[in-house]
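Q: All chains should be modelled from the sequences, with the hints used to inform the complete structure.
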Amino acid sequence: MALQEILRQVEQAGRGEADAITTATRTEAEGILSEGKAEGKQVADAIAAAGKQQAEQLERQELPAAELEVKRARLDAQRQVLEATRQDALERLDGLTATELEQVYRALLADVPAGGTLSCRKADAKLLGKLASQKLGEPIEEAGFIIETAEYRLDFRFSTLLEREWQAQLATVSEALFGK
Numbered sequence: 003m004a005l006q007e008i009l010r011q012v013e014q015a016g017r018g019e020a021d022a023i024t025t026a027t028r029t030e031a032e033g034i035l036s037e038g039k040a041e042g043k044q045v046a047d048a049i050a051a052a053g054k055q056q057a058e059q060l061e062r063q064e065l066p067a068a069e070l071e072v073k074r075a076r077l078d079a080q081r082q083v084l085e086a087t088r089q090d091a092l093e094r095l096d097g098l099t100a101t102e103l104e105q106v107y108r109a110l111l112a113d114v115p116a117g118g119t120l121s122c123r124k125a126d127a128k129l130l131g132k133l134a135s136q137k138l139g140e141p142i143e144e145a146g147f148i149i150e151t152a153e154y155r156l157d158f159r160f161s162t163l164l165e166r167e168w169q170a171q172l173a174t175v176s177e178a179l180f181g182k
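Each residue of the sequence shown is one higher than the last, beginning at 3 in our numbering.
Worth flagging that the hints you see were computed from the coordinates, not collected in a lab.
By construction, the Cβ of each residue, glycine as well, lies at the ideal position given by its N, Cα and C atoms.
Mixed in with the good hints there might be a few duds.
Pairs of lysine to aspartate or glutamate residues, derived as EDC-like cross-links and limited to a Cα-Cα distance of at most 16 Å, are as follows [claimed, not checked]:
hint, residue 1, residue 2
1, K128, D113
2, K132, D96
3, K124, D96
Ranges between beta-carbon positions, derived for each pair [unchecked claim]:
hint, residue 1, residue 2, range
4, K137, Q82, 37 to 47 Å
5, V72, A31, 53 to 63 Å
6, A31, E64, 46 to 56 Å
7, T119, S176, 15 to 25 Å
8, L129, A170, 48 to 58 Å
9, R94, S176, 37 to 47 Å
A: Structure (structure tokens):
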């Protein structure tokens, strides 16, 4: 029996060592796992903080860019409205009736010095020939007229008059259209 007793003691000692190794291994694995979880949390927190910081930085950069783009679009739309308004005014001038044209031409010619050559549209030549003291020159394409002498050139084309007045009144027109 002594052999069986020795075997039993060896078996118990082996089990004790195996249990100790298993316990030590389990403890070490739990420690490594705990360290890994802690490191993982730190890395995740660092990534989240960096992501948040990048998102905030992008927001700080993108917001002014978006505001600038909106402002550009608004200004372009306002410019288009102003240009359409200017074009409408020019079309209205081009569409004046014969009576209205005569009134406009009389008013424009009232303060013009005598002499020189008057150039106008072919359609207006008869009317202006009757109203003006200048001799008629070569025809032009636009409504209105141009008077030239050796000393000066007076441009009374409707497009020129409108452009001059448009530039002088642009702030007022803009305020009336857009309220600024």
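Q: For every hint, state whether the structure bears it out.
A: Verification of the supplied hints:
no. : hint                      : in the structure
1   : K128 <-> D113             : violated (20 Å)
2   : K132 <-> D96              : violated (20 Å)
3   : K124 <-> D96              : holds (14 Å)
4   : K137 <-> Q82: 37 to 47 Å  : holds (43 Å)
5   : V72 <-> A31: 53 to 63 Å   : holds (59 Å)
6   : A31 <-> E64: 46 to 56 Å   : holds (47 Å)
7   : T119 <-> S176: 15 to 25 Å : violated (38 Å)
8   : L129 <-> A170: 48 to 58 Å : violated (28 Å)
9   : R94 <-> S176: 37 to 47 Å  : violated (19 Å)
Of the hints listed earlier, those the structure fails to meet are numbers 1, 2, 7, 8, 9, in rising order.
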